[in-house]
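S.K.: With these hints in hand, go ahead and build the complete structure from the sequences.
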Amino acid sequence: MNEQHSIRLAVADDESAIRACAEHAYAPYVAVIGRKPAPMTADYGAQISAGHVYVYVGEQQQLQGFIVFFAVDRYMLLENVAVTEAGRGKGIGKALIRFCEDQAIRMGLGSIRLYTNARMTDNLAIYPRLGYVEIERRSEDGFDRVYFEKNTPHL
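So the number in our numbering is just where the residue sits in the sequence shown, counting from 1, plus 11.
Honestly, the hints are just simulated from the structure, not real lab data. Incorrect hints may appear among the rest.
The list that follows gives simulated cross-link-like pairs (lysine to aspartate or glutamate, EDC-like), each with its CA atoms no further than 20 Å apart [as the list claims (entries may be wrong)]:
1. K47 - E96
2. K101 - D133
3. K105 - E90
4. K105 - D133
5. K47 - E160
6. K105 - E70
7. K105 - D155
8. K105 - E145
9. K105 - D84
10. K47 - E26
11. K47 - E90
12. K47 - E145
13. K47 - E151
14. K47 - D152
15. K101 - E70
M.R.: Written out as structure tokens, the structure reads:
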């Protein structure tokens, strides 16, 4: 049986599930980085209020992942994407990223940019496979970040 799912704009009632998802998804990186990654301390309430957070929900409307993105100048900044442990390996992260890319195209933005911590080696391998190209490395807010970009196709 195929599970029905959807991606929708997050609402205030989603905040605790979003925070729990982020805490669990990023917990393994605390020891590697030496402190909590930025997504573990983000103000999800403010991001939800601003309309920057979308959730991936399953048939029972349970949160299986989320993504945070917003337009900056002529590009979409994909700030955060996380998937629950139960949702891993099911293409949920890719579906959320594809959703962000589709929104950028609809808005007429030229590219999608994202960053990850230089010590999150899994991400450094995943993003190029999704068509993202490394464009910059810099230290920001005490984190060593690697920036990636993917140009949007022209309509």
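S.K.: Please verify whether K105 and E90 have alpha carbons no more than 20 Å apart.
M.R.: With a Cα-Cα distance of about 15 Å, the restraint between K105 and E90 holds, given a limit of 20 Å.
S.K.: Checking one constraint from the list: CA of K47 to CA of E160, max 20 Å. Satisfied?
M.R.: 25 Å, violated
S.K.: Decide if the proposed pair is consistent with the structure: K101 and E70, CA atoms, cutoff 20 Å inclusive.
M.R.: 14 Å, holds
S.K.: Checking one constraint from the list: CA of K105 to CA of D84, max 20 Å. Satisfied?
M.R.: Cα-Cα ~24 Å, so violated.
S.K.: Hint check: K47 vs E151, CA-CA at most 20 Å. Holds or violated?
M.R.: 14 Å, holds
S.K.: Are the Cα positions of K105 and D155 separated by 20 Å at most?
M.R.: Not OK: K105 and D155 at ~24 Å, beyond 20 Å, violated.
S.K.: Between K47 and E96, is the straight-line Cα distance small enough, at 20 Å or below?
M.R.: 19 Å, holds
S.K.: Do the alpha carbons of K101 and D133 lie within 20 Å of each other, as the hint requires?
M.R.: Holds - the C-alpha atoms of D133 and K101 are around 17 Å apart, at most 20 Å.
S.K.: K47 and E90 were given as a pair; does the straight-line alpha-carbon distance stay at or below 20 Å?
M.R.: 16 Å, holds
S.K.: Please work out if K105 and D133 have their alpha carbons no farther apart than 20 Å.
M.R.: 14 Å, holds
S.K.: Are the Cα positions of K47 and E26 separated by 20 Å at most?
M.R.: Distance ~19 Å between K47 and E26 Cα, so the pair holds.
S.K.: Would the hint linking K105 and E145 be met if the CA-CA limit is 20 Å?
M.R.: 18 Å, holds
When the structure is compared with the earlier hints, violations turn up for hints 5, 7, 9, 12 and for no others.
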